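Student: Start from the sequences, fold in the hints, and give me the full structure.
Number of protein chains: 2
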Amino acid sequence: MVEMTQTNHDNIQKIINALDSQKARLFREEYLELHIYEQAQIFRDLNEQQRARVYRYLKPEEVGDMFDAMDQDPEEVIHYLEEMTMAYAAAVINGMYTDNAVDVLAYAKKEDLLGYLRLLPAKTAAEIKRMLHYEDKTAGSIMSTEYVAINGNQTLASAMEAIKVAAKTAETIYYVYVIDESEKLVGVVTLRDMLRNDDQAMVKDVMNMQVMAVKVDDDQKDVAQTIRDYNFLAIPVTDYNHKLIGIINVDDIIDVIDEESVEDYSGLAGVDLEQTTENPWQAAFKRLPWLVTLLILGMSTTTLISHYEELVSQASILAVFISSITGTAGNAGTQSLATAVRRLAFKDEDKKNIWQLLLTELITGIILGIITGFVIFVIVGFWKHNFVLGFVIGFAMMCAIVVANLAGAFIPMFMDKIGVDPAVASGPFISTLSDLTSVLIYFSIARIFLSFFVGQ
Amino acid sequence: MVEMTQTNHDNIQKIINALDSQKARLFREEYLELHIYEQAQIFRDLNEQQRARVYRYLKPEEVGDMFDAMDQDPEEVIHYLEEMTMAYAAAVINGMYTDNAVDVLAYAKKEDLLGYLRLLPAKTAAEIKRMLHYEDKTAGSIMSTEYVAINGNQTLASAMEAIKVAAKTAETIYYVYVIDESEKLVGVVTLRDMLRNDDQAMVKDVMNMQVMAVKVDDDQKDVAQTIRDYNFLAIPVTDYNHKLIGIINVDDIIDVIDEESVEDYSGLAGVDLEQTTENPWQAAFKRLPWLVTLLILGMSTTTLISHYEELVSQASILAVFISSITGTAGNAGTQSLATAVRRLAFKDEDKKNIWQLLLTELITGIILGIITGFVIFVIVGFWKHNFVLGFVIGFAMMCAIVVANLAGAFIPMFMDKIGVDPAVASGPFISTLSDLTSVLIYFSIARIFLSFFVGQ
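Order-wise, the sequence lines are chains A and B.
At position 426 of the first sequence the residue is numbered 426 (full-length UniProt numbering), and the sequence of numbers has no breaks.
At position 137 of the second sequence the residue is numbered 137 (full-length UniProt numbering), and the sequence of numbers has no breaks.
No lab work stands behind these hints: they were computed from the structure.
Nothing here was measured: the structure is a model prediction, and the numbers come from that model.
Mixed in with the good hints there might be a few duds.
Here are some, though not all, of the chain B residues that point toward chain A, as calculated from beta-carbon distances under 7 Å [as the list claims (entries may be wrong)]: (1) A332; (2) L368; (3) I370.
Even glycine gets a Cβ: it sits at the ideal position worked out from N, Cα and C.
Tutor: Okay, here's the thing in structure tokens:
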């Protein structure tokens, strides 16, 4: 396990005791010594009375720092802000990094939001208002406005002085962006570059002019992929006039990568995995819509089978293999779906060649279908001593796998094209489609060969 | 899309032309101007002859830098190393960061590895040999040995001089670790701290003594979680004597987070998503084992249904609902499995209270079962004008959902306990178990009420 030289149980007890016995100075000493993540962990376990004391003992900017560590749970922070006086809450918000503050305020009641904005410094309020308008999951919605931007016409020594001042508030000082007089992004210097070069060199001579930037409305997935490919610690965000308006830090990107893959994963399983709960009622009602939707979609298959009831009553052996065929086709569809979703999420260049990909999946499906179909042909043939029955089941399974495989690849690409998130909605369509096709193929073939297994 | 001020199509063409016309100087000028990630992208598209020229035109350390950008595909790099002379390849390896070099060498043929190690500087060879022994997916296997460690008994000014020297080779210089005379980790100073404080202050007075570290055999998942929670750019790795032996950077952690969630996702779909391929034969043979395993496991359900064939021949209506019941139970099991896998992957503290969690899933399953069962009871009752049949199907579905839900939660926890990765192996067990239970329950109940729907 991770080694912590701090926050053992004794420390936490000491902090709680200081709160309960109202020893403000002792509380501040012990509490502020901790990393903000640990402060947040302790804070979460306090009761309302204890939290009220924390608001009295800590400066709003200290509470703001701690709330920065709760960046994965903005809804929780809103709840705490509502416990404070309006003025204190506004000061806390002012103490947070803008990107985190915006995340939190997106959950605020409208009248509260207006109240906070009125109490915040005009510049911060304007920035927050602007950022609240950026669409969710774009670069604009996750960027931070606390960056260091300097002019290229100065020495490294003088730039270093500017950085020292910025070191107090900026989210990162390790990348310094160079802008021209119209605030256009023209270069980047890393702090490492500055240390490696002579103090008296000009910024514009040292800077890297091939600076990579993202546009404010770029998808956060693409931003994440770029930062990951280039191993950047941050990337600048520009508007459509190439003006620098923010940066995105690697720690925000880690959250994006996790969020995106959890989403893909959630889509496959039909349950929102982002927020797990211990309450069985909540858990059940989160899973119910999907379960019932699939059940009702599945009724189309049931209805189809029902049409063939007459056939089943003549050869009940047919009933035995329905779930085996639909199940295997469903599994093949899930494999092809997962591959397609992953490809759409992380390999943009592949999007172009849709027909090539569909052809690949078609051939893959045929190979899978032939082999799997042959396996079941042999199994059923020997088991039931009836190779005609084996052939019917094997052939139906082969066709069903080919269809499921193609659907698994095509439907997510189609959804992506029309702007629906393929991870969320593809699953039920594919399983329903593959169930329907496999049942239809199965019984159509079975009818032809009926005389071979009536009474089996 | 991401804005690139560089590498447009013209540039790439210019580089390729320079290679083809053997203009070494022009090639170097244009190529080395690019970010290493872009260099790698171009390099990947070259043919063997062009690559041979690159090895002639570039210094081995320049090729090593470029290979650092291929850290997601170590197997590819091995292939390139085999094209070079032994001495050049060793020099290339020497130019890479140790963690990346080790990743690559893990795929080398044994005699090649011994050859490279003989040709590398003794210190690097020893380091690589040591790191090759760390178990996969531990902190040791992903750590880098290029870090900056200093003594606390000096001024910030003199420490800054040491950092300037290190800036040339260290992977990060933004965190500087402070060690005592026995190389034990005693503190950390960020470059930001150094800039904010007076030059003449002593390192030991400025450093943060509450430095967080991970142990060399910690699981990479836990390391990732810590870096994510604390928003660190790097974390130091220590051995069991608290000696500093490496650091893990945030960019390595991004790969870990993605790798871990892709693994979870792969497990659910039964296909290795880490390496997608365009070759249908390869794709098919990657998916076949799972598909055939599930098919054969599924034969147990088929065999069970086969036992009830007599019952089906009396009341063929029963056959119509088999797939609806097994399908719904399977969906419920997948939801509960996905939730459990996610919880095991990211919330260590929850592992403790297994009984509490199982109780929660039991109650969730009962709620889901009652509601879903009631829905199908109503549908079937009105559709087939037979509420007894509706009751049988609804009750069977309810029982099947409860069992599938419990299995979905219990099996991954059990696998985790016995040290098997729950994401990889749980799926087929759960679907087979829930299929078997639902068929068994369904036909057992149906037999009791048989007189109500014979001849339906």
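Student: Look at each hint and say if it fits the structure.
Tutor: Consistency of the hints with the structure:
{"no.": "1", "hint": "A332", "verdict": "holds, 6 Å"}
{"no.": "2", "hint": "L368", "verdict": "holds, 5 Å"}
{"no.": "3", "hint": "I370", "verdict": "violated, 9 Å"}
Checked against the numbered hints listed earlier, the structure breaks hint 3 alone; every other hint is satisfied.
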